[in-house]
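Student: Chains as they are written, first to last, in the numbering used here: chain A, 1 to 165; chain B, 1 to 207.
Hints in this document: simulated from the structure, not taken from any laboratory.
Every clue listed holds true.
Here are the simulated lysine-lysine pairs, DSS-like style, with alpha carbons at most 25 Å apart:
{"hint": "1", "chain 1": "B", "residue 1": "K106", "chain 2": "B", "residue 2": "K147"}
{"hint": "2", "chain 1": "B", "residue 1": "K97", "chain 2": "B", "residue 2": "K72"}
{"hint": "3", "chain 1": "A", "residue 1": "K46", "chain 2": "B", "residue 2": "K35"}
{"hint": "4", "chain 1": "B", "residue 1": "K106", "chain 2": "B", "residue 2": "K72"}
{"hint": "5", "chain 1": "A", "residue 1": "K46", "chain 2": "B", "residue 2": "K97"}
{"hint": "6", "chain 1": "B", "residue 1": "K147", "chain 2": "B", "residue 2": "K103"}
{"hint": "7", "chain 1": "B", "residue 1": "K72", "chain 2": "A", "residue 2": "K46"}
{"hint": "8", "chain 1": "B", "residue 1": "K97", "chain 2": "B", "residue 2": "K154"}
{"hint": "9", "chain 1": "B", "residue 1": "K97", "chain 2": "B", "residue 2": "K178"}
Note that the coordinates shown come from a computational prediction; the quantities given were computed from them, not determined experimentally.
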Amino acid sequence: MNESETHFEQLSRLLSLKGREVPPPGYFNGFSSRVIHRIRQGEAAKADGFLARLFEEAPWLLRFIRSFEARPAYAGTFVSVLFLLLVAGIVYSDHPEVATETLMPTTAAATGGSPLAVVTPNFMEQAPSQSADFVSSTNPVLSLDPGASAFGGQNSLLQPVGFTR
Amino acid sequence: MPDSAKPLEPNAAPETIEEEREEVLVRRSRRGDLKAYDDLVRRYQERIYATIYHMTSNHEDANDLAQESFIKAFQALGSFKGGSSFYTWLYRIAVNKTINFLKQRKNRTHMSLNDLDFNAEHDPDLMALISHKTPQRDAGLNELQEKLNAALLKLSEQHRLVVVLHDVQGQSHEEIAKVMDCNIGTVRSRLFYARQQLQSELADYLK
Numbered sequence: 001m002n003e004s005e006t007h008f009e010q011l012s013r014l015l016s017l018k019g020r021e022v023p024p025p026g027y028f029n030g031f032s033s034r035v036i037h038r039i040r041q042g043e044a045a046k047a048d049g050f051l052a053r054l055f056e057e058a059p060w061l062l063r064f065i066r067s068f069e070a071r072p073a074y075a076g077t078f079v080s081v082l083f084l085l086l087v088a089g090i091v092y093s094d095h096p097e098v099a100t101e102t103l104m105p106t107t108a109a110a111t112g113g114s115p116l117a118v119v120t121p122n123f124m125e126q127a128p129s130q131s132a133d134f135v136s137s138t139n140p141v142l143s144l145d146p147g148a149s150a151f152g153g154q155n156s157l158l159q160p161v162g163f164t165r
Numbered sequence: 001m002p003d004s005a006k007p008l009e010p011n012a013a014p015e016t017i018e019e020e021r022e023e024v025l026v027r028r029s030r031r032g033d034l035k036a037y038d039d040l041v042r043r044y045q046e047r048i049y050a051t052i053y054h055m056t057s058n059h060e061d062a063n064d065l066a067q068e069s070f071i072k073a074f075q076a077l078g079s080f081k082g083g084s085s086f087y088t089w090l091y092r093i094a095v096n097k098t099i100n101f102l103k104q105r106k107n108r109t110h111m112s113l114n115d116l117d118f119n120a121e122h123d124p125d126l127m128a129l130i131s132h133k134t135p136q137r138d139a140g141l142n143e144l145q146e147k148l149n150a151a152l153l154k155l156s157e158q159h160r161l162v163v164v165l166h167d168v169q170g171q172s173h174e175e176i177a178k179v180m181d182c183n184i185g186t187v188r189s190r191l192f193y194a195r196q197q198l199q200s201e202l203a204d205y206l207k
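The following block holds chain B by itself, in its conformation from the complex (with noise of 0.2 Å):
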């Protein structure tokens, strides 16, 4: 799973000099320069977006959130000693303004759902779960997708964060405990929580 799938050995040293040239990029940034900031915006801009979205459902609040935690962490690169990687103080950044958000929405019951893309319709795995061996067999991904979220939306944001990174993202219990700023234990039982969570809410889905 997730954890496996960690690069290894081999590609250490591509990853070593990636990390150089994400230092150069984060020193020079730091000296005002908004092209290697630019550079620095693009490299990380997909998976900071996907994570906000996943948290918010909603493609516009994810836009702007992702947009404010590049701008915050532009502003407070002086304050970045490199204790971990930008990727992961970056995450910080995000994750926290994104709970801090989803605070301040709670009274907000607005949900955009917004299209799955092209492709999933055709991903077999998809369609198997939709299909023959759930009991709703008229469900659509739309009706599919509707109550994935509200389930999502049901969990608290520690645990809907945990469960975002770790299966909708693929991150290692490692990396959401840096993200989240706790210990692997923490990491694993909030993860264990949150399934159970979602398995009983989606259950006509898993049957």
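Isolated chain A, as found in the complex (with noise of 0.2 Å):
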């Protein structure tokens, strides 16, 4: 290789003459800042990125959030609804009975005015009141037909299901 290192040393020197080519003076200066700068733009492009495809896969959001720029009432309007909600939501959450007596007044009326009657209807009790055509119960139903005996005799709420063409 040193035969070679002398073979070209003539060339070698000829090259030496790129190692001249520099930049003006203070090239460098801002060349770290002006890294970190576009480093620093990439993260917030990535989060730009985000919304950007957030609004894509929902553009009626950025309609909805674009009419607010048109027209700042709206802005105001969307931010006292949601205030209301808000403090409906409390007043819901602190008093629950009130805001059921509000929604099922006829219900409670009927079973006495006690809210536990309203969740747990009591059917022994309602049974005779209804219609005999039309019993709704999430309960098993054996026989409801005070003529059908639970073993041998047909019950007339079941209908046999066939399932040929």
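Each chain sits in its own coordinate frame; assemble them with the hints.
Tutor: Printed below as a string of structure tokens:
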């Protein structure tokens, strides 16, 4: 390899000329700051990219926000409604019984005003007053026909089902 | 030559301290500390820039590519395992970026020539090359630079890179092998071939 080094000695000296090609003085003064600035910009763009993706997925959201820019009064109204909803939510969570009475006054009145009665209906009491054609319950129906036997008799509420065409 | 220019034993301790300091900077940068990364950029900006410049022969392209290399390195710091030094890893990013850029630019014939620094005109070796020993006595520095750049640009990217790293930047074969991710034999053979090519291209200036 030494021979080849000697062989290319002149070429190496000529190539050293390339090492003399340097940018003007002060060229690197702001270089690192530019790099750091671009890194920061890139990070900010990443955050912007998330918003851009969100608006792409839900364009209505962008229109909704832009409508606030066009008419600031909408923004005020929207915030007021949100605030009222928040206040109502707080009031409701403090006094749930008041809200229940307001929402279901007739049922509560029919059950003597007890809120528990509203959520746990008494079928034994209600059954005679209801129509015999319609019964609603989550309990399994064994027999609602007084004349039918649980073991042999046919239940009039159960219909035979066939799957053939 | 460049191989012998490598620091020997007496410099080993400061080099280790430097490496330790670099490790700390890399670790801090990985955590997103831009101040630490700013230090790393300042440390290597000139060397990275010079390599890219000698590959592209264009200051604007070199500036853009150097910036992009540092930005990419920052974004990829999480994947830096520390198997090589940060500098070698960074160099590899810059070199790959430059080679990709040159492949895209292949059809472009544009080449900007840049002014030599003032000292070059007073370099005795250089003046000897372009004075009585050359047949073209009136060849100025600019013309020589133009020929040199044109000859370099005729080489393939891989061959040009080896010449730039070894003959222009003074890196050792081992360092070049690490940067180019190949063995030392490949570096030597590429260097030999590239020099032969350059010698025939620049024959008029080397007699």
